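Based on the hints, put chain Z in the right spot on chain E.
Residue numbers (our numbering), protein chains in the order written: chain E, 10 to 245; chain Z, 10 to 245.
Treat each hint with caution, since some may be false.
Which copy? The list can't say, so a pair holds if one copy fits it or any two copies do.
Below, in silico cross-link-like pairs of lysine to aspartate or glutamate (EDC-like), each with a Cα-Cα straight-line distance of 16 Å or less [said to hold, decoys possible]:
1. 236 with 165
2. 206 with 44
3. 236 with 171
4. 206 with 45
Treat the hints as calculated values from the structure; they're not laboratory data.
Predicted, not measured: the structure shown is a model, and the values here were computed from it.
Protein chains: 2
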Amino acid sequence: MRLESGMVFASDTRTNAGMDNVATFSKMHVWERLDDRVIVLLTAGNLAFTQSIISLLNERIRTDRGSKTLSLMSAETMFQAALAVGDAIRSMRDNEKGVAKGNAGLVNGTFILGGQIRGESQRLFHIYREGNFIEATSDTPYFQIGEHKYGKPILDRVATIDMTPGAAAKLLLLSFDSTMRSNLSVGAPIDLLLYRKDSFSVEDRRRLHENDPRYQSIAQSWSRALKEAFCKVDDL
Amino acid sequence: MRLESGMVFASDTRTNAGMDNVATFSKMHVWERLDDRVIVLLTAGNLAFTQSIISLLNERIRTDRGSKTLSLMSAETMFQAALAVGDAIRSMRDNEKGVAKGNAGLVNGTFILGGQIRGESQRLFHIYREGNFIEATSDTPYFQIGEHKYGKPILDRVATIDMTPGAAAKLLLLSFDSTMRSNLSVGAPIDLLLYRKDSFSVEDRRRLHENDPRYQSIAQSWSRALKEAFCKVDDL
Numbered sequence: 010m011r012l013e014s015g016m017v018f019a020s021d022t023r024t025n026a027g028m029d030n031v032a033t034f035s036k037m038h039v040w041e042r043l044d045d046r047v048i049v050l051l052t053a054g055n056l057a058f059t060q061s062i063i064s065l066l067n068e069r070i071r072t073d074r075g076s077k078t079l080s081l082m083s084a085e086t087m088f089q090a091a092l093a094v095g096d097a098i099r100s101m102r103d104n105e106k107g108v109a110k111g112n113a114g115l116v117n118g119t120f121i122l123g124g125q126i127r128g129e130s131q132r133l134f135h136i137y138r139e140g141n142f143i144e145a146t147s148d149t150p151y152f153q154i155g156e157h158k159y160g161k162p163i164l165d166r167v168a169t170i171d172m173t174p175g176a177a178a179k180l181l182l183l184s185f186d187s188t189m190r191s192n193l194s195v196g197a198p199i200d201l202l203l204y205r206k207d208s209f210s211v212e213d214r215r216r217l218h219e220n221d222p223r224y225q226s227i228a229q230s231w232s233r234a235l236k237e238a239f240c241k242v243d244d245l
Numbered sequence: 010m011r012l013e014s015g016m017v018f019a020s021d022t023r024t025n026a027g028m029d030n031v032a033t034f035s036k037m038h039v040w041e042r043l044d045d046r047v048i049v050l051l052t053a054g055n056l057a058f059t060q061s062i063i064s065l066l067n068e069r070i071r072t073d074r075g076s077k078t079l080s081l082m083s084a085e086t087m088f089q090a091a092l093a094v095g096d097a098i099r100s101m102r103d104n105e106k107g108v109a110k111g112n113a114g115l116v117n118g119t120f121i122l123g124g125q126i127r128g129e130s131q132r133l134f135h136i137y138r139e140g141n142f143i144e145a146t147s148d149t150p151y152f153q154i155g156e157h158k159y160g161k162p163i164l165d166r167v168a169t170i171d172m173t174p175g176a177a178a179k180l181l182l183l184s185f186d187s188t189m190r191s192n193l194s195v196g197a198p199i200d201l202l203l204y205r206k207d208s209f210s211v212e213d214r215r216r217l218h219e220n221d222p223r224y225q226s227i228a229q230s231w232s233r234a235l236k237e238a239f240c241k242v243d244d245l
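So that you can see chain E by itself, here it is in the shape it has in the complex:
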């Protein structure tokens, strides 16, 4: 979510290759240079593919001195950073063409890129598997990737750009909670990152485990409040 006062990112950590092969991997990647930039990349899709993109982006940062290829650390704007991710996606898709012929799902990944680079305001992009992207505006201040449908109704009703980052973090957590109750492919722990506008440093980054008392209390009081809300509405 891109708010007036900052940005909030959330991702789950479940990866599965079938019901009997479930593992925990972070899908949140952060590049930070104090007082200059904070860039966050969230990933969804095939883990082999999305990990390769992250590795390629990191390699390009190591070799970007004198190179013509844009890297996340040499980009002068978030638009250039989004182009850099798009370019990495296309390179990796070209590289994996043989794999893709057998199974297109193997080179499938979508991304949310957000952050701020000194000299411009905070920006948020949804990058597609083809490497092209759209940018969030105040009409649509959030993006979702992956298993997004279960958690969308609460976002559509509650999300506004004038929320505090704390309220937005709660909203994203409840959106994930809705999904996790209905779908096994999404699972805790949840990674959360809060960025305050013009700070050029990560304000808060935490991992909420399922048995975290803070998370449990929020999930339970939401469940209770939701049932009360339901009872308040008149029957047909």
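This is chain Z only, laid out in the frame that chain E set:
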């Protein structure tokens, strides 16, 4: 939903063949013989395919005297009725084999079958595109078909088998409302049907249009109550 005191069915009416070809068709079909049976069939999937199934089921009712093929009106139990629907699905899939070769989506349909036949209790089935089916139990008192993800979280939290049919009708309406706010492929009017256990007749059947004051009042007060519920939960 199959409740202790009755059953409630809901379906939207939107059919689309692309964004620019949207039409209204009921997806709720009812067979009733007073004091003997109420059978409701909800459909999702390709309209040409699901309409053919309904036509075939009706043809088999007209010709079932002396025929060996089970029909919805000659079935002695809801299990036999589910078998009759499964059989119609398989016949139509066989018939459309040529079509299916080009595009499997064209012979795609899923069904919810529910009701009560004198001599046994009310029963609810989810019938798959292959014609096989599962039956609701008190552990899982409801089924969804079609675009089901957006509307599932509220069902998972609120649905219980001891709800009144009126409360359950409100719940199904709010579940549809969640979906309609987030996805254009589902749209009003909503068809609702209430059946009271052991009545062997439809108690209430109505169509709620988007501008129906009753529907609007419920949707708005739910939206308000949801936002209040969100504010009640402590921030992270």
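For each hint, the structure was consulted:
{"no.": "1", "hint": "236 with 165", "verdict": "between (19 Å within a copy, 11 Å between copies)"}
{"no.": "2", "hint": "206 with 44", "verdict": "within (12 Å within a copy, 68 Å between copies)"}
{"no.": "3", "hint": "236 with 171", "verdict": "between (27 Å within a copy, 15 Å between copies)"}
{"no.": "4", "hint": "206 with 45", "verdict": "within (12 Å within a copy, 67 Å between copies)"}
Violation of the numbered hints given earlier is absent; every hint is satisfied by the structure.
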